[in-house]
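S.K.: Going line by line, the protein sequences match chains F and X.
Under the numbering used here, the first residue of the first sequence carries the number 1, and numbering increases by one thereafter.
Under the numbering used here, the first residue of the second sequence carries the number 1001, and numbering increases by one thereafter.
Simulated from the structure, these hints should not be mistaken for lab results.
Don't take each hint at face value.
For lysine to aspartate or glutamate, the following EDC-like pairs were computed, each having C-alpha atoms within a straight-line distance of at most 20 angstroms [to be verified]:
(1) 49(F) with 1098(X)
(2) 49(F) with 20(F)
(3) 1068(X) with 1018(X)
(4) 1024(X) with 1101(X)
(5) 101(F) with 1030(X)
(6) 1068(X) with 1044(X)
(7) 1024(X) with 1011(X)
(8) 101(F) with 1101(X)
(9) 49(F) with 64(F)
(10) 101(F) with 1044(X)
(11) 101(F) with 1056(X)
(12) 61(F) with 1101(X)
(13) 101(F) with 1057(X)
(14) 101(F) with 1098(X)
(15) 68(F) with 54(F)
(16) 49(F) with 1101(X)
(17) 61(F) with 88(F)
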Amino acid sequence: AQSVTQPDIHITVSEGASLELRCNYSYGATPYLFWYVQSPGQGLQLLLKYFSGDTLVQGIKGFEAEFKRSQSSFNLRKPSVHWSDAAEYFCAVGAGGTASKLTFGTGTRLQVTL
Amino acid sequence: DAGVIQSPRHEVTEMGQEVTLRCKPISGHDYLFWYRQTMMRGLELLIYFNNNVPIDDSGMPEDRFSAKMPNASFSTLKIQPSEPRDSAVYFCASRPREGTEAFFGQGTRLTVV
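Looking at chain F on its own, in the form it has when it is part of the complex (with noise of 0.2 angstroms):
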């Protein structure tokens, strides 16, 4: 079975400064793995996604993530983070021929300071 790990239950960062969020997952074969966002009281919306083929994949407000095989890894990141990026975020793997079955990881809280 499938499963994610977020080791960051909260980060905080200020204004502008870069950003890192890790994600680790276990998948027996080829990932599909999702980076989500959630706004207080809000749904979760898709920042970015990997199936195959460049291991650097852009999202969107600036975000990317880069795939790492070999360290089983999906880290997130932001070169400048902005207030309005203060959320929740989610890493999900999926699995399935049409990855319907996302498994997420348990979020990581982005507090950004002024």
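Go by the hints and put chain X onto chain F.
M.R.: Relative to chain F, chain X alone:
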């Protein structure tokens, strides 16, 4: 499209009562998912449908939980009888046949007292 629509947004009920959560997926989407989010367990997939047919309900916690999708534009998640440990945010999501991005509703916050 208005996105995935869930109702109600908030529900407070007494233990033992029946609760029905509703979801209208995005038109044309073939897949519909029900998730539960709690502090202790995070986001869990409860059940998902493809073309109105339940494909995998292995995440449904107990027989008290049931889900239906009578047509392509409507799904319900029912809890009967409800218990305080069912308190959570329940999300519905839908996805087109071609594609892998699931679009989430805003969720229903259920409180069972």
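S.K.: Failing hints, ascending?
M.R.: The structure breaks none of the hints.
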